[in-house]
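Colleague: Going down the list, the sequences are from chains A and B.
Just so we're aligned: the first sequence equals residues 3 to 209 in the working numbering.
Just so we're aligned: the second sequence equals residues 791 to 959 in the working numbering.
The reader is advised that the hints may include incorrect statements.
[What the hints assert, rightly or not] Restricting the straight-line Cα-Cα distance to at most 25 Å, the calculated cross-link-like pairs of lysine to any residue (SDA-like) are:
id: 1; chain 1: A; residue 1: 85; chain 2: B; residue 2: 939
id: 2; chain 1: B; residue 1: 938; chain 2: A; residue 2: 57
id: 3; chain 1: A; residue 1: 155; chain 2: A; residue 2: 85
id: 4; chain 1: A; residue 1: 155; chain 2: B; residue 2: 955
id: 5; chain 1: A; residue 1: 85; chain 2: B; residue 2: 903
id: 6; chain 1: A; residue 1: 101; chain 2: A; residue 2: 57
id: 7; chain 1: A; residue 1: 85; chain 2: B; residue 2: 887
id: 8; chain 1: A; residue 1: 155; chain 2: B; residue 2: 925
id: 9; chain 1: A; residue 1: 21; chain 2: A; residue 2: 101
Worth flagging that the hints you see were computed from the coordinates, not collected in a lab.
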Amino acid sequence: MAVNDSPKLELPENVFVSKLDELASWCRKNSLWPMPFATACCGIELMATGASKHDLARFGAEVFRFSPRQCDLMIVAGRVVMKMLPVLQRIWQQMHEPKWCISMGACASTGGVFDTYAVVQGIDRFIPVDMYVPGCPPRPEQLIQAIIDLQDKIQREGTITGREFDTAGRQARKRALVEITSPLSIDASRNPVLQRELAAAAAFPRT
Amino acid sequence: MPFTPPAVDDIVASLAERFGEIKPAVYRGQTRIELRPADAPDALRLLKQLGFDLLVDITCVDYLDYKGAKHRYGLVYLLANTATNQRLTVRAYLDDPDPSIRSVVPLWEGANWLEREVWDLFGIRFEGHPDLRRLVMPEEFTAHPLRKDYPLQGRGERHNFPVLTRNDG
Numbered sequence: 003m004a005v006n007d008s009p010k011l012e013l014p015e016n017v018f019v020s021k022l023d024e025l026a027s028w029c030r031k032n033s034l035w036p037m038p039f040a041t042a043c044c045g046i047e048l049m050a051t052g053a054s055k056h057d058l059a060r061f062g063a064e065v066f067r068f069s070p071r072q073c074d075l076m077i078v079a080g081r082v083v084m085k086m087l088p089v090l091q092r093i094w095q096q097m098h099e100p101k102w103c104i105s106m107g108a109c110a111s112t113g114g115v116f117d118t119y120a121v122v123q124g125i126d127r128f129i130p131v132d133m134y135v136p137g138c139p140p141r142p143e144q145l146i147q148a149i150i151d152l153q154d155k156i157q158r159e160g161t162i163t164g165r166e167f168d169t170a171g172r173q174a175r176k177r178a179l180v181e182i183t184s185p186l187s188i189d190a191s192r193n194p195v196l197q198r199e200l201a202a203a204a205a206f207p208r209t
Numbered sequence: 791m792p793f794t795p796p797a798v799d800d801i802v803a804s805l806a807e808r809f810g811e812i813k814p815a816v817y818r819g820q821t822r823i824e825l826r827p828a829d830a831p832d833a834l835r836l837l838k839q840l841g842f843d844l845l846v847d848i849t850c851v852d853y854l855d856y857k858g859a860k861h862r863y864g865l866v867y868l869l870a871n872t873a874t875n876q877r878l879t880v881r882a883y884l885d886d887p888d889p890s891i892r893s894v895v896p897l898w899e900g901a902n903w904l905e906r907e908v909w910d911l912f913g914i915r916f917e918g919h920p921d922l923r924r925l926v927m928p929e930e931f932t933a934h935p936l937r938k939d940y941p942l943q944g945r946g947e948r949h950n951f952p953v954l955t956r957n958d959g
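Model the full assembly from the supplied sequences, consistent with the hints where possible.
Modeller: Right, here's the structure in full:
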């Protein structure tokens, strides 16, 4: 009997009806493979999160991989210096879509106490970030909360629309793929942060 | 009881024989001498012959706007005699423009990276250094950031990068 002809569809036990999109999101959110970009003390908390006491495996995110090609969640744990930022960007670009990013701790999110010439004042200036974790360093519970929230976001925003392998313009319509930073170029005339820093540097007394 | 290294009076006396009057300053039993930059490499060679076989560190101080300072840069060599446990601090003062001094890599191989670090952060040139490249800052960096006339937050270098967006992936 064809399904369409039936007024009441009897499903056998343990069978659920869902949308393919939700199924794919459900699979993705429960098998996040993190890329540990750990550069400082946040990395120690990241390791603690993955270890037995806090047990990130409960959320399906325990498979830390050191190859960006196998990962879909980048956890930036620690301060990123200007010499490291090109490396960070390269690793981010080498990760396959769909991919997400967690900025863990004060330093990765804002530069923290390191307001100096060498330290990037927040990685979200240069790569997209999905979740920010406050703390210096954050406790494992906080990181786990961020992963739970990211799972909700992944489930909510969907994955398969048939557009994933389509053009960048169509990707832009998906909320999960909305840009966080407006595109800036190296040209200082379009980069207010850089302008402010250049002005501050110009005002600095020289001998 | 703090550690006090053995005295180095005889060493200072033999240095003074060759390089003129040297007034050692002693702080908590540790001796510090000042040398003219032109004399310093020869004096360090003599000190090595006199038993100071270990170069502990080379570092630098920027005395810009420092009260009472007569020179801009104070180059510091920390020496140790591993047989007698004697210690000696040697200073040489340098000035702008073109602060430079002869390299001591021929004396101590370990001076190689120490001098590269001082070059990187203070811009002191070490003549005769085999490979005077930056050590810690990126190659394309142009300033010497530990100089006091360099702003703490830099000159925009830390944000001079392309911005990656979602659609760049």
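Colleague: Hints first: check each against the structure and report whether it holds.
Modeller: Against the structure, the hints:
At most 25 Å may separate the alpha-carbon atoms for a hinted pair to count; residue 85 (chain A) and residue 939 (chain B) meet this at roughly 22 Å. For the hint linking residue 938 (chain B) to residue 57 (chain A), the alpha-carbon distance of about 48 Å lies beyond 25 Å, and the restraint is violated. The hinted pair formed by residue 155 (chain A) and residue 85 (chain A) fails the criterion: a straight-line CA distance of about 32 Å is larger than 25 Å. Straight-line distance between C-alpha atoms of residue 155 (chain A) and residue 955 (chain B) comes to about 19 Å, which keeps the hinted pair within the 25 Å bound.
Only pairs whose Cα atoms come within 25 Å are accepted, and residue 85 (chain A) paired with residue 903 (chain B) is accepted, the gap being roughly 19 Å. At roughly 22 Å between alpha-carbon atoms, residue 101 (chain A) and residue 57 (chain A) fall within 25 Å of each other, so this suggested pair holds. Among the hinted pairs, residue 85 (chain A) with residue 887 (chain B) is inconsistent with the structure: their alpha-carbon atoms are about 28 Å apart, more than 25 Å. A threshold of 25 Å between alpha carbons decides the hint, and for residue 155 (chain A) with residue 925 (chain B) the separation of about 43 Å lies outside it, so the pair is violated.
Between residue 21 (chain A) and residue 101 (chain A) the CA atoms are separated by roughly 21 Å; this keeps the pair inside 25 Å, and the hint holds.
Hint compliance for this structure: hints 2, 3, 7 and 8 are broken, all remaining hints hold.
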